[in-house]
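A.B. asks: Below are the chains, spelled out letter by letter.
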Amino acid sequence: MKQITNRAVSVLLLAAFVIVGTLLYVIRFVDHGQDWAAAYSRENAGASGALIDRNGVVLASYSPYESLFQEDAELRQANYHVTGDYYGRTGTGLLTDYQDYSLFTGTSRSQNAVLYLNIDSELNRRAWQVLDGRPGAVLVTNYKTGELLCMVSSPTIDPLDAEPDPPEGAYLNRCLSASFVPGSVFKLVTAAAAIEKMPDLSERRFFCEGSVEIAGVTIVCSGYHGEQTFEEALSNSCNVAFSQIAIELGQQTMVKKVRELGFLDSQRLDGIPSVAGSFPTDFVGDPELGWAGVGQSTDLICPYAMLRYVSAIANDGVLQGPQLVRDGSTGSAERLLKAETAKALQRLMHYNVINGYGAGRFPGLELCAKTGTAERGDGSSNAWFVGFLADEEHPYAFVVMIERGGSGLGAAGSAANEILQFAVNR
Amino acid sequence: MPNSEMLLTLSRVVMILCSLSVIIRCLRSMLRDRYDPETWAFLKIGKQQLLPVTHWENLLGRSRSADLQLEGKDIRRFHAVLRRTEDGAWRLFDVFGRGGVWVNGSAVTRDGLPLESGDAIRLGGTTLRFLDADEARRERLDSIRSPVGKRVSPVLTLLELTVFQLFLLMQHALSALPEDLPGIALSFALLILLEWSCFNAMRVIGRSGFEAETLAFYLTSLGFSVCAASAPEDTVRQALIALVSVILFLLAGIWMRSLKRAETLRLPAALLALLLLAANYVLGSEINGARNWIVFGGFSFQPSELVKVAYVYVGASTLDRLYRRRNLFAFIVFSAICVGVLALLGDFGTALIFFVTFLIISFLRSGSIATVFLALAGAGMAGMLAVSVKPHIARRFAVWGHVWEDRFDAGYQQTRAMSAAAAGGLFGKGAGAGWLHQTRMNAASNTDLVFGILSEELGLIIALCSIAAVLLLAFFAVRSARNGRSSFYAIGACAATGLMLTQLSLNVFGSMDLLPFTGVPFPFVSKGGSSLLCCWLLLAFIKSADNRKDASFAVSSGFLPRKVKKEAKA
Chain A
1 MKQITNRAVS VLLLAAFVIV GTLLYVIRFV DHGQDWAAAY SRENAGASGA
51 LIDRNGVVLA SYSPYESLFQ EDAELRQANY HVTGDYYGRT GTGLLTDYQD
101 YSLFTGTSRS QNAVLYLNID SELNRRAWQV LDGRPGAVLV TNYKTGELLC
151 MVSSPTIDPL DAEPDPPEGA YLNRCLSASF VPGSVFKLVT AAAAIEKMPD
201 LSERRFFCEG SVEIAGVTIV CSGYHGEQTF EEALSNSCNV AFSQIAIELG
251 QQTMVKKVRE LGFLDSQRLD GIPSVAGSFP TDFVGDPELG WAGVGQSTDL
301 ICPYAMLRYV SAIANDGVLQ GPQLVRDGST GSAERLLKAE TAKALQRLMH
351 YNVINGYGAG RFPGLELCAK TGTAERGDGS SNAWFVGFLA DEEHPYAFVV
401 MIERGGSGLG AAGSAANEIL QFAVNR
Chain B
1001 MPNSEMLLTL SRVVMILCSL SVIIRCLRSM LRDRYDPETW AFLKIGKQQL
1051 LPVTHWENLL GRSRSADLQL EGKDIRRFHA VLRRTEDGAW RLFDVFGRGG
1101 VWVNGSAVTR DGLPLESGDA IRLGGTTLRF LDADEARRER LDSIRSPVGK
1151 RVSPVLTLLE LTVFQLFLLM QHALSALPED LPGIALSFAL LILLEWSCFN
1201 AMRVIGRSGF EAETLAFYLT SLGFSVCAAS APEDTVRQAL IALVSVILFL
1251 LAGIWMRSLK RAETLRLPAA LLALLLLAAN YVLGSEINGA RNWIVFGGFS
1301 FQPSELVKVA YVYVGASTLD RLYRRRNLFA FIVFSAICVG VLALLGDFGT
1351 ALIFFVTFLI ISFLRSGSIA TVFLALAGAG MAGMLAVSVK PHIARRFAVW
1401 GHVWEDRFDA GYQQTRAMSA AAAGGLFGKG AGAGWLHQTR MNAASNTDLV
1451 FGILSEELGL IIALCSIAAV LLLAFFAVRS ARNGRSSFYA IGACAATGLM
1501 LTQLSLNVFG SMDLLPFTGV PFPFVSKGGS SLLCCWLLLA FIKSADNRKD
1551 ASFAVSSGFL PRKVKKEAKA
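Line order of the protein sequences matches chains A and B. Going by the working numbering, 378 is the number at position 378 of the first sequence; the sequence numbering is gapless. Throughout, the working numbering is defined as the position within the second sequence, counted from one, plus 1000.
Don't read these hints as lab results, they were simulated from the structure. Mixed in with the good hints, there may be bad ones.
What the hints assert, rightly or not - Below, in silico cross-link-like pairs of lysine-lysine (DSS-like), each with a Cα-Cα straight-line distance of 27 angstroms or less:
hint, chain 1, residue 1, chain 2, residue 2
1, A, K343, A, K256
2, A, K197, A, K343
3, A, K2, B, K1044
4, A, K197, A, K256
5, A, K343, B, K1047
6, A, K338, A, K197
7, A, K256, B, K1044
8, B, K1073, B, K1047
9, A, K343, A, K144
Unchecked claim - Facing chain B, according to a computed beta carbon distance under 7 angstroms, are these residues of chain A, among others:
hint, residue
10, Q3
11, I4
12, N6
13, A8
14, V11
15, L14
16, A16
17, V18
18, Y25
19, S61
20, Y62
To be verified - Non-contacting residues of chain B with respect to chain A, defined by C-beta distances greater than 10 angstroms in every case (computed):
hint, residue
21, R1034
22, F1096
23, T1127
24, D1134
25, R1137
26, R1138
27, L1174
28, S1197
29, L1274
30, G1428
31, G1459
32, S1556
In this text the structure is predicted, and so the values were computed from the model without any measurement. Yeah, the Cβ is synthetic: ideal placement off N, Cα and C, and Gly gets one too.
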């Protein structure tokens, strides 16, 4: 008997195995519970719901037994990065992300499973058509109300397709989940710092002879601009002038400004996080700071962060929203920069369009904007066009970014024109 | 509705407190009650020393793991077996067949010689005197053993369990469809009635150990909750199956009171098991890739569940038989057939459970001679397992540890179970309020993924309590086994809990991606009549090893029945 009961320890070994396994499970539960819960958020969050755009178009609806999508295939694809899909393949879609989780209470059942969006799905369709398969991002927001009207990332997939063969990066929401070399649109940031820190800015003149040598490194400009005022320098997008301004302001001032404007942190769009951008924060020499001041060097900007900035400029420094989902509130308001700075930037961006880009390219639009043709270092350029409409009826701020799109004005500028024409004529 | 939200919160708190308390009280009861051995006879060594004989089967020898450790000339490590039968007769065996055992001068063989009180036993060069303890003396010895159930009141524990069940029912009342509610309420009422009847029956016959039953009823009520959520139309049937299971549990326990009775049925049980497996092989229907179901007349059952009980029954054996090689060999062949047939049926999970149980039983049984044989047999059976690796099983192995990378295909079930479990948090969404139980969306969720349902609806804490309940049964069995009268009971109890633990780990860790997903039921909780019945019958083995004083109904008082006493007097 004793011999046998001594061997009964083998059962306790099995019990120890169960205990160790259970502890391991609890650790994993605490660590990854949120991800697990999010993976089947539709099931976890509640019985049924729908995503409905600002004009009452039902983009997706679901119950425990059915998952429905908008019938129009183009509309499904254009709105893919807003809705996401029932498989959670893209990280930012509302079907995946709109839920509360805590370790204690698990997933809370969504009080309002029917979500009314600020998005105009037809505007998304137009933006998607304009991008025409080129990788890029388009964002349009109403800077007065904070309603996010348009969010399109390209390329995309049809969410109904269970096993798609997507182009590379189709699941990536370029508006929120990626950051890009900003190029000259970054001069709006350098300009903001200059306006605040250089009291004699309006009297200053900047001389450009096509390039400038700083500590043995040559910073090249897009042209020979001669003697310029500050506003001329911005509308010329003069690298010589702005790299010298950045160096004169110093790295500390620049970093402080970039951080203040929210470019270095992850921002949230209704709880969905965006990626943080980058700017050289560790000490670099003057030449590198010069390049960083004109949006090159190691600068990276997330399109959503840029939208927040231009939206704040347009609204006299106060960032309204942006809100993807209507929740009955007016959304948050946050002062991003001083009213005088914002107003000065508004004037500069208006001057850009009138004297730099040509108002004729944008018929009927009260446009204030800045272009960017950002060298990616591989010979290609990201085309940026960011700005807003100084129009009481259509107070729209926008960001258009086309990866490897070529010229900022040519590619992104004309795309922005088409999208904005559609938006104001809705 | 704020009212139902408040009720839900209240019931969560009460249910978690009751669960923890039931578990802790059962644990305390098991820890604090003393496991005093019974004394059946004495061995007198020299003039002074009396060695109490505390089992019905005792190994005599020099070894520290001998039950009666003897020092003396020419005594081997394991020398002889002293065995008592139910009617109080003693017998001495030379099970090792090496000679050197005498009773009153006659040499003892493998078949043994009867032993009377006062007889002289000679082992090698040492002589001992055997003194039987008569009824009167045993009664006196028994009266000083500690009683059970005095320190932790079993009534209060059962009362807490009932409160738990009532609040569980209330949560279902909040979530269930009105037409399903009467059935659910009836099933819970039946369960509560059943546990109190069972408890009172024990009281009437003077048995006060109720920890194991309480834990089993706790797990069974979790199973009722899963059934009410996933298949409300089956709740009454589930209650009736529970009723039948508990009745059979009681009958099995009473049956096993008598070692002789229990022993005689081992061969028929083995034959029945083989017959069931054969019938399964011929008549079986395939459900979810494994052909382990027999369906007739709208009633389906899994023969392999009953075979589990028979297997433990066959595997348990008395000490004097353990050391006969032929006996071991027969068991190995029997095991190999069981695992082989299950492998052929594609029931990989059950085959694995049998294999682990085989390892436990063989380890408990094997002496030094048989170990090699058993290891060989084990390897052979592992080979059979390999044969059973069919495509759907190979896929499950391939995805093990990577379920999230393949969540739309091979990791489909696990990721859903894990996600639902996480969505329940610590406190759960409320019984019946989850989504994983929806069997039309999630095949086999109320059996294989049942841990996910428990976590989602009742929360992680109660899900962990369910694991703790099975663990407690195991600790209890191992602890009881120490004082078991016969190795039959000790092996039976350990094998039964070993089987439950294996099933538990395959179920929980399989669905939560810590082990490959094999699809076996969680003991007592998973929906399914055969599984519930099997678990209650296995519980009878645990009860039959518990011989704390007047604790278990499945252990006879140890005194002669009145009828026999009268005959003796005459």
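A.B. asks: Against this structure, judge whether each hint is valid.
C.D. replies: Now the hints, each set against the structure:
no.	hint	result
1	A:K343 - A:K256	holds, 20 angstroms
2	A:K197 - A:K343	holds, 16 angstroms
3	A:K2 - B:K1044	holds, 20 angstroms
4	A:K197 - A:K256	holds, 12 angstroms
5	A:K343 - B:K1047	violated, 113 angstroms
6	A:K338 - A:K197	holds, 12 angstroms
7	A:K256 - B:K1044	violated, 94 angstroms
8	B:K1073 - B:K1047	holds, 17 angstroms
9	A:K343 - A:K144	holds, 15 angstroms
10	Q3	holds, 4 angstroms
11	I4	holds, 5 angstroms
12	N6	holds, 5 angstroms
13	A8	holds, 5 angstroms
14	V11	holds, 5 angstroms
15	L14	holds, 5 angstroms
16	A16	violated, 10 angstroms
17	V18	holds, 5 angstroms
18	Y25	holds, 5 angstroms
19	S61	violated, 17 angstroms
20	Y62	violated, 12 angstroms
21	R1034	holds, 17 angstroms
22	F1096	holds, 13 angstroms
23	T1127	holds, 23 angstroms
24	D1134	holds, 23 angstroms
25	R1137	holds, 22 angstroms
26	R1138	holds, 18 angstroms
27	L1174	holds, 13 angstroms
28	S1197	holds, 31 angstroms
29	L1274	holds, 26 angstroms
30	G1428	violated, 7 angstroms
31	G1459	violated, 8 angstroms
32	S1556	holds, 18 angstroms
Checked against the numbered hints listed earlier, the structure breaks hints 5, 7, 16, 19, 20, 30, 31; every other hint is satisfied.
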